[in-house]
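Construct the entire structure; sequences and hints are all you get.
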Amino acid sequence: MPDVEQLYLECREALTCYFLRRHRSAQTAEDLLQETFLRLMRRVDRCLAAASPRGYLFGIARHVSADAWRRAQPSVQETIEATTPQADACLETAREIIASLPALQREILDLRFQHDLSYAEIAEALGIPVGTVRSRLHNALEMVRERMEQE
Amino acid sequence: MMKPETLRALLIDRQLGELPTDAAELLDAYVEAVPAARTEAETAARTLNTTRETVRCFPELAPAVEAETEIQITPIFYWFARAAALVAVAALAGWLGFRAGQSSVAVNKLTGVTKVADHRFDGLWAQYQVAYDSRRGTVVVSQEQ
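Chains as they are written, first to last, in the working numbering: chain A, 943 to 1093; chain B, 39 to 183.
Hints are supplied without guarantee of correctness; some may be wrong.
Label pairs and their in silico Cβ distance ranges [stated by the list, open to error]:
#1 123/B to 992/A: 48 to 58 angstroms
#2 62/B to 1013/A: 38 to 48 angstroms
#3 1013/A to 121/B: 19 to 29 angstroms
#4 42/B to 1012/A: 20 to 30 angstroms
#5 1008/A to 130/B: 15 to 25 angstroms
#6 180/B to 1077/A: 51 to 61 angstroms
#7 116/B to 959/A: 33 to 43 angstroms
If the Cβ cut is set under 10 angstroms, some of the chain A residues that face chain B in the computed set are [unchecked claim]:
#8 973
#9 987
#10 1039
Don't read these hints as lab results, they were simulated from the structure. Don't be surprised by glycine CBs; every beta carbon is placed ideally from N, CA and C.
Take a look at the structure:
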C-alpha cells in the first residue's frame, strides 16, 4: 500500500498535533493516531478515491477523537476556559469571540489555522460543502475584524 | 469600485491561498491601484494573523467533542429519500385530484344546474347551449364559441 504509507508519512505529524490539542496526552495521541490508520485501512479504497485523502483522513481522526472523548467522559459538558495564563488584550478579545462561536465554526478555524487544511480538505473532513466552510470561516473572521475595529 | 464585503471575502481567500492564480493577480492589481482596497487588505491580514495566533494559543477553543451530529448521506439513503419523496408527491397529487373531483360534484349538486338535452347539432338551437339554473330560476343560454 504505497499510497497509504505516503499518506501516513505526510499526515502523521499533523494528526499527532491534532490529537494532542484535543486530548493533551502524548500517549493518547499516539493511540488515537494508530486507531485512525486502523480505521483507514478498513476503507482505504474510499479514502484514496476521495477528492482530498488528507481531508478524508482528518474526517476519520475527528470521529476517533470524538469516540475517545465519549469513552472517557460519557456525559462530558463542553466548557471553554482559558488555560493559557497570559495573552495580550487583542488575542483575549479574539479568544472571547471565537469561544462564542458554534462548535462547527470553531472546528473549521482549528483545521484551517492550526492544521493548515484547505477549504476542500476541511469540507471533506467535516462532510459539509466547500461553500459552507468558506462562509463559516468568513463569518468568523468578520466577527473578529468588527470587534477589533471597535476596540 | 468593488463592494466592500466582496472585496473583504476575496482578500481573505487570497491570503489563505484559496484564489486561482489569475483571480489572485487581478485582485493584486486592484489592491495596488485602489488605496481603499489597500487599507482593506491590511485589515484583512491583521485579522487573519490575530485569528491564527488565537487559535494556536488557545487549544481549548478546538471543540473536544464532535461538533454536530450530521446525517451521513449514503447512496442507499439518498435513493430511498428520493423514492419516498416521489411517492409522497404522487399521493398528494392523487388526493388533490380526488378532492377536486368530489368538490365539483358537490358544487353541481348545490347549484342544481340541470342540463337539458343537447340538441345543438340538429336544429335551430344548434349553436346554443341551454341550461336551467334552479337556484336563480332562470334559463341560461350560452352561445357556442
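Hints versus structure:
1. 123/B to 992/A: 48 to 58 angstroms: The hinted range 48 to 58 angstroms is violated for residue 123/B and residue 992/A, with Cβ atoms some 28 angstroms apart.
2. 62/B to 1013/A: 38 to 48 angstroms: holds (45 angstroms)
3. 1013/A to 121/B: 19 to 29 angstroms: violated (37 angstroms)
4. 42/B to 1012/A: 20 to 30 angstroms: Check failed, 44 angstroms falls outside 20 to 30 angstroms.
5. 1008/A to 130/B: 15 to 25 angstroms: violated (39 angstroms)
6. 180/B to 1077/A: 51 to 61 angstroms: holds (60 angstroms)
7. 116/B to 959/A: 33 to 43 angstroms: holds (35 angstroms)
8. 973: violated (16 angstroms)
9. 987: violated (15 angstroms)
10. 1039: holds (9 angstroms)
Comparing the model with each numbered hint stated earlier shows that hints 1, 3, 4, 5, 8 and 9 do not hold.
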